[in-house]
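Protein chains: 2
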Amino acid sequence: MGDEFLNLLEPYEAEKILNSLELKKSVEKVGIGECSGRVLAEDIYSTIALPPFNRVAMDGYAVQAENTFGASEDNPKVLKLIEVVGAGDQPQKKIMEGTCAEVGTGAPAPPQSDAVIMVEYTEKSDNQVMVFQGVAPGENITKKGSDIEKNHLLLKKDTVLTPDKIGVLSAIGMAYIPVYTQIKVGIISTGNEIIPVGEDLDYGKVYDVNSQTISSAVHSCGCIPVGIKIIADDFKVLKNAISRLMNEVDIIITSGGTSAGAGDVLRSVIEDMGEVLVHGISFKPGKPTLIGTLKGKEDKILIGLPGYPVAALVVFESLVAPFLRRNSGVSVSDESNTIQLKISRRFHPSRGRTHHLLVKVRDDIAIPIQKDSGAITALADADGYVEIPKSTEILETGTLVHVKLFRRTTGLF
Amino acid sequence: MGDEFLNLLEPYEAEKILNSLELKKSVEKVGIGECSGRVLAEDIYSTIALPPFNRVAMDGYAVQAENTFGASEDNPKVLKLIEVVGAGDQPQKKIMEGTCAEVGTGAPAPPQSDAVIMVEYTEKSDNQVMVFQGVAPGENITKKGSDIEKNHLLLKKDTVLTPDKIGVLSAIGMAYIPVYTQIKVGIISTGNEIIPVGEDLDYGKVYDVNSQTISSAVHSCGCIPVGIKIIADDFKVLKNAISRLMNEVDIIITSGGTSAGAGDVLRSVIEDMGEVLVHGISFKPGKPTLIGTLKGKEDKILIGLPGYPVAALVVFESLVAPFLRRNSGVSVSDESNTIQLKISRRFHPSRGRTHHLLVKVRDDIAIPIQKDSGAITALADADGYVEIPKSTEILETGTLVHVKLFRRTTGLF
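In the order they appear, the protein sequences are chains P and L. Numbering of the first sequence is given in this note's numbering, commencing with residue 1 and proceeding in unit increments. Numbering of the second sequence is given in this note's numbering, commencing with residue 1001 and proceeding in unit increments.
The following block holds chain P by itself, in its conformation from the complex (with noise of 0.2 Å):
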């Protein structure tokens, strides 16, 4: 009745398999007001200055510094007032010995003014501003490039679009921003028993799970779940389906069918279409999962997960969701949606096996959820994941782990 798995990996061998494996990477322009969260696909240098002009940095009187040397309450400088210049104005005339400028914020200096004196320090009477304090020369001017030249690196290229980031390119002008193509997964649940959500619920059948949750952590993955589909265990009509889906897909997913039982066919029509590269990790949960490759114009990517909810999660998780984050340009360095916390109570993990633990977090502890993989309230309850390695005997209570939470920080927000 079916074959036991000829040969169990140890996870980082299947991560080894996988990671050997590449996606093509290709490149889009969007619009601005559409690039958030999105992966930077080449490095961006500063096409103007910043700021592009000599820019007054308070509201005051724009002159030439050493006009104002020795200027004091009791014996103040008087200056002609030639010019208001507001923020958005371009200055008509130059700052001259004895001049100034009325200059509001953001507003261009004037030609040959050196320093703008703060308004406090003034006092203005018709068209004649007295000045009772000196000012240094470049005070309250921010020169034109200061904060950065023209053509220098600003950010780069595999810069996650945050919305300071997207601040930078804005300053610059952007409108088309060059950012990776989304990847698109393929998502199949397969089984006899599974229907899809909204209808009625006959005898011996269950809702499908698996389509919503896969598709959901693929979209915070940065990537677009596509084609939906539930198919039953038959060799042929899985083959057909998986068939059609791949040209329309760089990956495919599948959850369920991959256990070495009596219905499963998804390892037959893999070893038909292509070649069968892992199918058995050792993972608990998450024992039968399979990584294939499919033939076609293009190879494609085939990630079997098995067909319990908790475990096709946790699979996706630790597995699936760092490779399709990394084939979308975001580095390691931006996965960070794992906090430390204590162990609620002593644990004793599965041994021989990686155990994914579920725990629901409260109070900055961690409280481990003892559910079976089928169990549907386990997700209700929890907020992460706890990866415990094959070799750890027990968790002592307090004990410190690292939680891997179902939220991420990055991808599409």
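Please note that a few of the clues may not be correct.
[What the hints assert, rightly or not] Computed list of chain P residues with no C-beta within reach of chain L, every gap over 10 Å: (1) Glu10; (2) Glu13; (3) Leu81; (4) Ile82; (5) Met96; (6) Asp147; (7) Gln212; (8) Thr213; (9) Lys229; (10) Glu298; (11) Ile394; (12) Val401.
[Unchecked claim] Within a straight-line C-alpha distance of at most 27 Å, the following computed DSSO-like cross-link-like pairs (lysine-lysine) qualify: (13) P:Lys156 - L:Lys1342; (14) P:Lys144 - L:Lys1371; (15) L:Lys1143 - P:Lys360; (16) P:Lys371 - L:Lys1156; (17) L:Lys1184 - P:Lys360; (18) P:Lys360 - P:Lys287; (19) P:Lys284 - L:Lys1143; (20) L:Lys1157 - P:Lys371; (21) L:Lys1287 - P:Lys360; (22) L:Lys1150 - P:Lys371; (23) L:Lys1287 - P:Lys144; (24) L:Lys1143 - L:Lys1029; (25) P:Lys287 - L:Lys1143; (26) P:Lys144 - L:Lys1360; (27) P:Lys150 - L:Lys1371; (28) P:Lys29 - P:Lys143; (29) L:Lys1295 - L:Lys1239; (30) L:Lys1287 - P:Lys157; (31) L:Lys1144 - P:Lys287; (32) L:Lys1360 - P:Lys150; (33) P:Lys342 - P:Lys284.
Treat the hints as calculated values from the structure; they're not laboratory data. The beta-carbon is built from N, C-alpha and C at its ideal position, and this holds for glycine as well.
With chain P fixed as given, assemble chain L onto it according to the hints.
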């Protein structure tokens, strides 16, 4: 030349005033495929039992357990195979004394069977199965409702819909999910010097940064930025723009035009249209921040951020983002974009005001970025910021600081 701020508030006072205002919450139903990152607006109860039937947990033979008692390698029990039941099938026959059914993982356990014996402990020939080991009642069958009974609380209102929680909703077959309607945020950049990205840069002009950073930040709070506009510093023009926009949105965020200077008209517009509640917060940068209300068919809130990009973004993150997220139904405990790190070198904050210091993070160390709030390269380098209380005189090298990252873990991912 303009009034100074009449009343500079402490950040906690401004927060209190802002939090006394509330945005109207409404609820909508969205398809389960579109609800990633949204916030649940109702408690969700199990509408079915899970599993919905007695579910086979292992490939094997469904039996009456007592028929296997005493079985051994030497003395197998022999059972008559009466049916094959796969996942998704409906069993047609009852298991009686001396009979069994071949069952696959996920199949319903046939009526009157009370255990499944694993295939490893059996041998099949024709329609007879030899059983070499006894099995206890209940073994390898997951009882109907053992995960959760019908009508029990599954997920609480205000839960952020991460992939795992979407799995829970799928398991009970929900196709449409009640979530809070996303808050619509109107965004206006003010200033005569501001021009949209993509246009040619005339002398004296700068590109609009704030509407892009604030839109992106609004989006990452799970809200919808709308009606993004650049408006001149002119009373009539600005008033018209705000009047029109306020009917389309839940809240308006402007930037620029809040300093107590020459070209600043925002305050007068708010005074004309409603009430200024806060003008001036003891922030560095960000002092000129304004909070007001606009009278209308429905009163609306307006928040005026400073014009300098760094100031606008950190005031948004520290003051506005928590407000938007709380009004989106996200609980404060879900705000996990903060990490604790050591500071790389001694830093003297500006005393007397809450200082928001931009930092970059390298090798788990927070490195202060000391540039003025008009500097765009500060944003290029930054990963987040540290909020330093006004009473802090000095941060010694190695002091632990809380870095708020410019990326967020929840909201729409």
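Status of each hint after checking the structure:
1. At roughly 24 Å from the closest C-beta of chain L, the C-beta of Glu10 of chain P stays outside 10 Å, upholding its exclusion from the interface.
2. No Cβ of chain L comes within 10 Å of the Cβ of Glu13 of chain P; the nearest lies about 26 Å off, and the non-interface call holds.
3. Every beta carbon of chain L lies more than 10 Å from that of Leu81 of chain P, the smallest distance being close to 12 Å; the non-interface claim holds.
4. Even its closest Cβ contact with chain L, about 17 Å, leaves Ile82 of chain P beyond 10 Å, as expected for a residue assigned away from the interface.
5. Every CB of chain L is more than 10 Å from the CB of Met96 of chain P (nearest about 20 Å), matching its label as outside the interface.
6. For Asp147 of chain P, the shortest C-beta to C-beta distance to chain L comes to about 5 Å, within the 10 Å cut-off, and the non-interface label is violated.
7. Consistency note on Gln212 of chain P: stated as away from chain L, yet its beta-carbon is not over 10 Å from all of that chain's, at 4 Å minimum.
8. The beta carbon of Thr213 of chain P sits about 4 Å from the closest Cβ of chain L, which is not more than 10 Å, so the claim that it is off the interface is violated.
9. With a closest Cβ-Cβ approach of about 13 Å to chain L, Lys229 of chain P is found to remain outside the 10 Å limit, as its non-interface label requires.
10. Interface exclusion of Glu298 of chain P from chain L stands, the closest Cβ pair being 27 Å apart, more than 10 Å.
11. Under the 10 Å C-beta cut-off, the non-interface status given to Ile394 of chain P relative to chain L holds; the minimum distance is some 27 Å.
12. Look at Val401 of chain P: its CB is around 16 Å from the nearest CB on chain L, clear of 10 Å, so calling it non-interface holds up.
13. Distance hint between Lys156 of chain P and Lys1342 of chain L is fulfilled; the C-alpha atoms sit about 25 Å from each other, no more than 27 Å.
14. Of the supplied pair hints, the one linking Lys144 of chain P and Lys1371 of chain L holds, its CA atoms being roughly 15 Å apart against a limit of 27 Å.
15. For the suggested pair Lys1143 of chain L and Lys360 of chain P, the alpha carbons sit about 25 Å apart, so the restraint of at most 27 Å is met.
16. The hinted pair formed by Lys371 of chain P and Lys1156 of chain L meets the criterion: a straight-line CA distance of about 20 Å does not exceed 27 Å.
17. The hinted pair formed by Lys1184 of chain L and Lys360 of chain P fails the criterion: a straight-line CA distance of about 32 Å is larger than 27 Å.
18. For the proposed pair Lys360 of chain P and Lys287 of chain P, the alpha carbon gap of about 23 Å is at most 27 Å, so the pair holds.
19. Distance check on the hinted pair: Lys284 of chain P and Lys1143 of chain L sit about 22 Å apart at the alpha-carbon level, within 27 Å; holds.
20. A distance of roughly 23 Å separates the Cα atoms of Lys1157 of chain L and Lys371 of chain P; the hinted pair therefore holds under the 27 Å criterion.
21. Using a Cα cut-off of 27 Å, the hinted pair Lys1287 of chain L and Lys360 of chain P is violated, with the two alpha carbons roughly 40 Å apart.
22. Taking the CA atoms of Lys1150 of chain L and Lys371 of chain P, the gap is near 18 Å; set against the 27 Å cutoff, the hint holds.
23. With a C-alpha separation of about 25 Å, the suggested pair Lys1287 of chain L and Lys144 of chain P falls inside the 27 Å cut-off, and the hint holds.
24. A threshold of 27 Å between alpha carbons decides the hint, and for Lys1143 of chain L with Lys1029 of chain L the separation of about 32 Å lies outside it, so the pair is violated.
25. In summary, the hint linking Lys287 of chain P to Lys1143 of chain L is supported, as the alpha carbons are separated by about 23 Å, within the 27 Å threshold.
26. Restraint check for Lys144 of chain P and Lys1360 of chain L: satisfied, since their Cα atoms lie roughly 25 Å apart, inside the 27 Å limit.
27. Under the criterion of a C-alpha separation no larger than 27 Å, the hint pairing Lys150 of chain P with Lys1371 of chain L is consistent with the structure, at around 18 Å.
28. For the given pair, Lys29 of chain P sits about 32 Å from Lys143 of chain P by alpha-carbon distance, which is inconsistent with the 27 Å threshold.
29. Distance check on the hinted pair: Lys1295 of chain L and Lys1239 of chain L sit about 12 Å apart at the alpha-carbon level, within 27 Å; holds.
30. Only pairs whose Cα atoms come within 27 Å are accepted, and Lys1287 of chain L paired with Lys157 of chain P is rejected, the gap being roughly 34 Å.
31. The suggested pairing of Lys1144 of chain L with Lys287 of chain P holds, with an alpha-carbon distance near 25 Å, which does not exceed 27 Å.
32. Simply put, Lys1360 of chain L and Lys150 of chain P have alpha-carbon atoms about 23 Å apart, close enough for the 27 Å limit, and the pair holds.
33. Restraint check: the Cα-Cα separation between Lys342 of chain P and Lys284 of chain P comes to about 21 Å, which is no more than 27 Å; the hinted pair holds.
Comparing the model with each earlier hint shows violations of hints 6, 7, 8, 17, 21, 24, 28 and 30; every other hint is respected.
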